[in-house]
Amino acid sequence: MSSEDAASWTLAWRLARRELRSGVRGFRVFLACLTVGVAAIAAVGSTSSGLTASLGNDAREILGGDVAVRLVQRPAQQSEQRHLGTTGRLSGSAEMRAMVQSDAVGPNGARSLVELKAVDDAYPLYGALETEPRLSRQDLFGRRGELSGVAVAPQLVDRLGVSVGDILRVGDGRFEIRAILAHEPDRLAGSGIFSLGPRVMIAKSALAETGLEQPGSLIYYTYRVALPDSVDPEDWIADLNTEFPDAGWRIRRLDEAAPQIRRLVQRVGLFLTFVGLTALLVGGVGVANAVSAYLDGKTAVIATLKCLGAPARLIVRIYLLQILTLAGVGIIAGLVLGVLTPFAASGVIAAFLPVPVSTGIYPGALLIAALFGSLTALSFGLWPVARAAQIPAGSLFRNLVAPVRARPPAVYVAITAVGLVALAALAVVTADDTGLALWFVGGAAAAMATFRIVAALIAIAARRVGNLRQPAVRLAVAALHRPGTPTPSVVLALGLGLSVLVTIAQVDGNLSRQIREELPTGAPAFFFIDLQPNQIAPFEALLADIDGVEKTVQVPMLRGRITSIAGVAAETATIDPNSRWAIRGDRGVTWSEAAPENSPVVEGEWWQAHYDGPQLVSLDADVAAGFGVGIGDTLTVNVLGREFTATIANLRHIDWQTLSINFVMIFSPGFLEAAPRSHIAIVHADPAAEAEIERGVTNAFRNVSAVRVRDALETVNGIVTGIGTAVRLAALVALVAGTLVLAGAIAASHRRRVYDSVVLKVLGATRRNVMTIFVLEYGLLGLVTASLAAIVGSIAAWAVLRFLMNIDWVLMPQTVALTVIGATVIILAIGVVGTWHTLGQKTAPLLRND
Amino acid sequence: MMDLPDPQQSQRPDGATAAKPIVELSDVHLHLASAGGKVNILRGLDLSVNAGETIGVVGPSGSGKSTMMMVIAGLERPTSGTVRVAGSELATLNEDALALFRRRSVGIVFQAFHLVPTMSAVENVAVPLEFARIDDAFERARASLETVGLGDRLTHYPSQLSGGEQQRVAIARAFATEPNLLLADEPTGNLDGDTGTQVIDILFERAARFGTTLLLITHDRGLAQRCSRVVQLRDGRIVDHGNTPP
Ligand SMILES: Nc1ncnc2c1ncn2[C@@H]1O[C@H](COP(=O)(O)OP(=O)(O)OP(=O)(O)O)[C@@H](O)[C@H]1O
Ligand SMILES: [Mg+2]
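Here the protein sequences come in this chain order: P and S.
To get our numbering, take the position in the first sequence, counting from 1, and add 951.
To get our numbering, take the position in the second sequence, counting from 1, and add 13.
Simulated from the structure, these hints should not be mistaken for laboratory data.
Incorrect hints may appear among the rest.
Simulated restraints on C-beta separations [what the hints assert, rightly or not]:
| no. | chain 1 | residue 1 | chain 2 | residue 2 | range |
| --- | --- | --- | --- | --- | --- |
| 1 | P | 965 | S | 61 | 50 to 60 Å |
| 2 | P | 1422 | S | 73 | 27 to 37 Å |
| 3 | S | 56 | P | 1422 | 56 to 66 Å |
| 4 | S | 205 | P | 1372 | 34 to 44 Å |
To be clear about the criterion: a stretch of chain S counts as covered by chain P if any three or more of its residues have a C-beta under 8 Å from a C-beta of chain P, and this derived list gives those stretches [to be verified]:
| no. | region |
| --- | --- |
| 5 | 49-63 |
| 6 | 119-131 |
| 7 | 232-246 |
Built from N, CA and C at the ideal position, the CB exists for glycine as well.
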């Protein structure tokens, strides 16, 4: 910067300050827009940083060690256990689902599905297990008389009406309740938030007493290791992998302590950030409107300064500095709100996420929010400023200084473009999911372009209409295309605002639909897990005798982990984020001779009956697409420590929403049969028979766990409800931003038209005449814009649900109609009231000179 | 006040080049394309004004008086013809250079005053001095306001001043940079008779003191007669150059 240039900035600042001194009356909407947008982004950023920080700070406790190694259906072998224990302290546990019942009640008494955890003496390696009363480990779990001890979660106490000292049946064994669980440090690492029942904890040495440890039972064996500081966990893991390349275990590091929650936080955080950004974008339109309106009032001043020898560049600087100063105020206010939000939000979050929010100031999140705010103010504020600087000074000679509506000089157009690109880039760079962020940016740009084009089309159409007989209609139509018409800004602001509302209304509607809908039609009543092969026949016989059982399907199930895809190790393979879940943990696998009924083959052929050639596998078509593999490629799966490589023979379409038994992978017969396995059964039944079925099966087969689909869905719904709360909060933000901008746009256009209406009044128009023109003009604009917003918003809702939340989208015409009509009517009402008020004012002051 | 960065110092009437024209318009045409077709606003305008002259510009409404002033101030570019003002050929200057030219050489007074409403009287007068990077801008502005009799109204805002007072501030502002040329477009049009006379007295007094060339548009014949020469416009042409002094 030359010294001349620097001096010019100093001078510009001096003059800017002089103007700012006279107050910020015209900037209320401007400030509010920026504050709301920045606050939303800062709040979401701070809250998710707070959650992530909690997960990070407590990662050791949450994971239960520095590294956790998990096996399914089989414990670690002697050699493996020895190796795991050599470098650090080792703690092993087993987790599974089980049925428990109070020993005091008979075979008809209440029972509950629980999450059973059997721990060794070393547990926990980090943090403390807290119980009420506090007991030594021996007193808690050890044998007293002939019974071992058990600790249970408070929910079980409520559910079964048991208390400390009572005897609880866990599977086949009887245990004495010694304490109530108060805090389990690694609660989140296991089933995480999707637990199907209350926690019940026993000693690992007592697991045998339950009789639940059957071959092929769905038991997760976790080995947690506390490493000395001198050992790098990565080295340790590398060593473990070389030593036991085919163990098939899942190794988790500290940064994967609570992956489900982390992902949930990221997803919801991303969605809320997008809403915040949209609010900011809508706010940007408000910023542009507010700046335009402010500068419209400054045209004479600008022309005067130019007459006094100020070059256009100086004018741009004077007003840009004013706007950036005010933007600074708005941004700081937004940041303050953003910092305070996590404190307020932690209560709400605690209701559905078992993670504390580490409240505090997160400079990173605040910096990002501030950057978003500044870029928005610059990108949307510079344009009108640069345009205003084009006001010809000579117009002062004519005493008629009209706002300029031309395109600003190329250099400012370029800066604006750079600002917008930077805004988009920032959105993409700061998002956890680049792909989604790109879609968001593209979608937002497309939406803005659409509304801008529609605004132009409305103006063109209005011009084309020609002479209309009805004077009110003629004036209204003329107002849509005259020079300086607010049509573009109203359409843009109204359009974007309504689109956000429609999007959120539909996302919210679809979420509640998921919760409301009792059970998907055709959903089973029960899943029974851990059926032993020799229990199948008696199980089916038992169900055949119960009235109300409609259908029973059972299949063998093993758990397997995909270890390589088309010859590439799964960890290093390129996989679409939407299909990553398939390699994350263990998946159920089965084999079958016949094609399944409920998932049609969409590509390739099912193997012939009595097939006994090389091993083939049938894969879910979506997963195949995500993996980038097709028929003829190979897939390697580790089942119980053995690797099975199969060639993909066909692809199936699976509808996961049906809740029937679905396997991502079905193998050809002849290979997996030898492995120890259990069966999974689904039972369709009349709801009235559910209690009897649960009782009958679990009394007869103590090792079998009954998962009531209704209860399982409720757990999921609890989380969905939490997300719904977040979405509704976001709706509030969008609503505030949208309303602000619309109010701003209408107010700005108001000022422009008050003079017109006053002149009309002088010429003899009644208030009603003027009003009719207004209602017609905005009614017309509202109708076109709202219809378009309904479409744009529906597309956005579909995208959010489909790609961000993995939920099916159903168009909700009433919700959409109600949203757009409601919003339009409210806006019209605000406009009418405002106009009526201004029309009531005295005519004279406005007509007097200056 | 002599440290003003003014290259035209030597053209003062007291200097050797006193008789050299400060404004020279020759065959100036201005066409504007408007919705109703092409409008010819100036049609071959010739005008020569010597430094130190006071010119009264008269003519019927719509004859192009204001437009001519805009051309002289470099606020409007003619379609053809040459415009020389204070030694500069305006057609050769770009927008920034024109701004600089106005800042140095031209002061303008409007019918509607056009003070900046968010600035006090003294700030309004200081603005052009600030643009010219003059260090003691405020002292000069204060002094300038005192000479128009507003020494006690320095911190008042335009809305707190009467029309006549506002116009006096505008005059102080126009003279603040001691321009060679002062353009005034009906400066008394918004003022009552007495106040108008008072303002015009100040205008002439200032022009005489600084030796400023004055171009004064007015509908008031009597007022025009106070000038050393009266120029008459009709249909975008000068129809009477007045009695050009030797
Ligand atoms: N932007 C424009 N477009 C079209 N015509 C214009 C424009 N500006 C000025 N004119 C026309 O140019 C002519 C001269 O206008 P100008 O303002 O110079 O007249 P004037 O002599 O100052 O009149 P008055 O005494 O009423 O102020 C008028 O006929 C006016 O209509
Ligand atoms: Mg005029």
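Hint numbers contradicted by this structure: 1, 3, 4, 5 and 7
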